[in-house]
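**Q** The primary structure of each chain is shown beneath.
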Amino acid sequence: MTTESKVIVEAEGIVKVLGAGASENKVLKGVDLQLHTGELTLMMGPSGSGKTTLLSILGCILSPTQGRLTIGGLQTHTMNKEQLAKLRRKHVGFVFQSYNLVPTLSAVENVMLALDLRDLNGPDAYDQAADALEAVGLGHRIKAMPSKMSGGEKQRVSIARALAGSPSVILADEPTAALDAKNGLAVMELLAKVAQDTRRAVLAVTHDHRTLPYADRIITIDDGRIAGSERPKLTEKAVEMAAH
Amino acid sequence: MELAVTAQPFAHQRAAQSQRPRSRGRRLPMVFKLAYRNLFHDRLSFIVTIVGILFSVVLVAIQSGIYLGSANKIATIIDAAPADLWVVPLGTKSYDDPSFLSGRERYTALSAPGVEASEDMVVSFARWRKPLGGETTVLLIGTAGDSPKALPANIIEGSRGALEAPNTVAIDRSYFNDLGVSKLGENAELNGTAVKLVAITKRVRSFTTLPFVFTSIDEARRLSGANQEQASYQRVKLLPGANIETVRNEIQARLPDTEVLTQAEFRTRSQDYWLKQTGAGAALDAGKLLGLIVGIVIVAQTLYSSTKDHINEFATLRALGAGAGYIVKVILIQAVLSGLIGYVLGMSLALLAIHLAQDTKLTIIMTVPLAAQLFAITIGMCVFAAISAIIKVVRIDPAVVFSR
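From first to last, the protein sequence lines stand for chains C and X. Numbering-wise (the numbering used here), the first sequence opens with residue 1 and increments by one. Numbering-wise (the numbering used here), the second sequence opens with residue 1001 and increments by one.
So here's chain C without its partners, still in its complex pose (with noise of 0.2 Å):
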């Protein structure tokens, strides 16, 4: 976190209830949290200790049962699913585990679609979104079909569709965890260098350890309640031991 970075994203006591008499479950008991422009946070838990919920809540796509989310200044409480669609739409750019990239359109398209949901559908939204890929090494793909692409690429291929219009809230969902070894420690790289634009917030849900190293903060969650967060320190080290 650099000292132009702001809070960008605030949740506050955040609960969130699935389902429904006998099989009611309280998910998230309970939840503050605050993501940071310029810095990349990464998410840590235990499998149903509710980080996939949180991401959806913080992402706009599932609404708390309680408590009040703030992203960019705007508060969500009051709105509707259509006007929920709007803000996810202008604020908040997703990385899937599985890439969920059109298959029937090419890496340049997937990316002019985010660009086209966002109303940046003008004459050079071809050139934009080339350029997207290009900042993210695939600039010789561009036209290349998800089917043609491996999984490294096509996750780089998602990053530039999340990073297309410039969202100010990027979330990223397991975003390793279909990936070698190599290429997630390259798709985690691009996401550290995403999360130092100042303008700009990254939170990654993961379990892969390997990812640490590049975290400017760690939050740990269990049992639906934020266990822990800590600033971890890098050294040469740690990074060089992550790299192998």
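Where hints are given, some of them may not hold.
A few chain C residues that don't get close to chain X, going by computed Cβ distances all over 12 Å [what the hints assert, rightly or not]: (1) Gly21; (2) Asp32; (3) Thr52; (4) Thr70; (5) Gly93; (6) Pro123.
Stretches of chain X that chain C covers, calculated by requiring three or more beta carbons in the stretch to come under 8 Å of a beta carbon on chain C [claimed, not checked]: (7) 1031–1037; (8) 1314–1325; (9) 1395–1401.
Heads up, simulated DSS-like pairs for lysine-lysine below, C-alpha to C-alpha not over 30 Å straight-line [what the hints assert, rightly or not]: (10) C:Lys81 - X:Lys1033; (11) C:Lys143 - X:Lys1288; (12) X:Lys1033 - C:Lys90.
Hints listed in this document are in silico derivations from the structure and should not be mistaken for laboratory results. Note that the structure is predicted; figures quoted are calculated from it, not measured. Glycine included, C-beta positions come from ideal geometry on N, C-alpha and C.
Starting from the known structure of chain C, arrange chain X on it as the hints suggest.
**A** Okay, now just chain X, sitting in the frame of chain C:
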């Protein structure tokens, strides 16, 4: 795998760093691109959809064309010998449901103010005996030779003038087999009287199975046993500027035991009788409805199936913030595109079938307004069929993108 690591944040990447030439020109909207890529992605499903629409279009086009052709055929004689007003016997259901007027109608009609002319027309059932044996019933039609609308029209061999000679008839060439004659000069029997074929027409066919046989007004009276003053109908022509309703009322008052109809009324009455009262039209409408239902069911099923196949993509779009309207647009474009392609192919096939049926007993007509109506129906059918897919897609929970 090498990463393009740069010192600058991504938002500040400058186009000048790229060696790639900048693109020019407008591109297809993404929503349209997504729709047609989804549509053509699964070739088999696309083909099934198009075949379903094609079948529907062909069936509805042919049935509608037969309906239109039948309506035109029913009105063939009325259209070929038009009049401002028709004086017909009370209770006449259709022009080919003939009976005879008393015989005073012509002069009575002529005495009404506003009437320029009144012509006799005889229509009667008759027995035709073939040269080589066998009998069949025909519809005998006689008009005056000096009338500007003397029947028959569309003579391809012989002449109308030849029908003024006694014991002469004209028939359509499509009835050669039914009537056992095949060329000019051949003889047959009509109501026990020998007659000679002196004129041949083309595409003058009856809606019913009864062939038309044309002759002069006098010969028609003689062969049908009517007296020299009698006719089945009076075709009344008005003086220029005469008010049709005023003249109609005048004639009706003078001939209370008849009906006085306009051209359009007599036409519609004849068409309604055959197409609505006999059930023939209902059968054609049932065929059209069947075609529509088949089209709707097939398109609905394939669109729904395609939506299910692409549900993850739609969920991702929702997760990325696409509004419900955006995704509905994708589905609707798929539906409309399918309809467009299916219509073009289906109508081409229908037009080919219509062309091949031209000289057969089946009269199928296609007009530009009918084709336009069919286009609207096809697109409407596909949009309607998309409802189930749309319902599926708007209910997507975007949170499923995180479910693994």
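**Q** May I ask which of the numbered hints given earlier this structure violates, with the numbers listed in increasing order?
**A** 3, 5, 6 and 11
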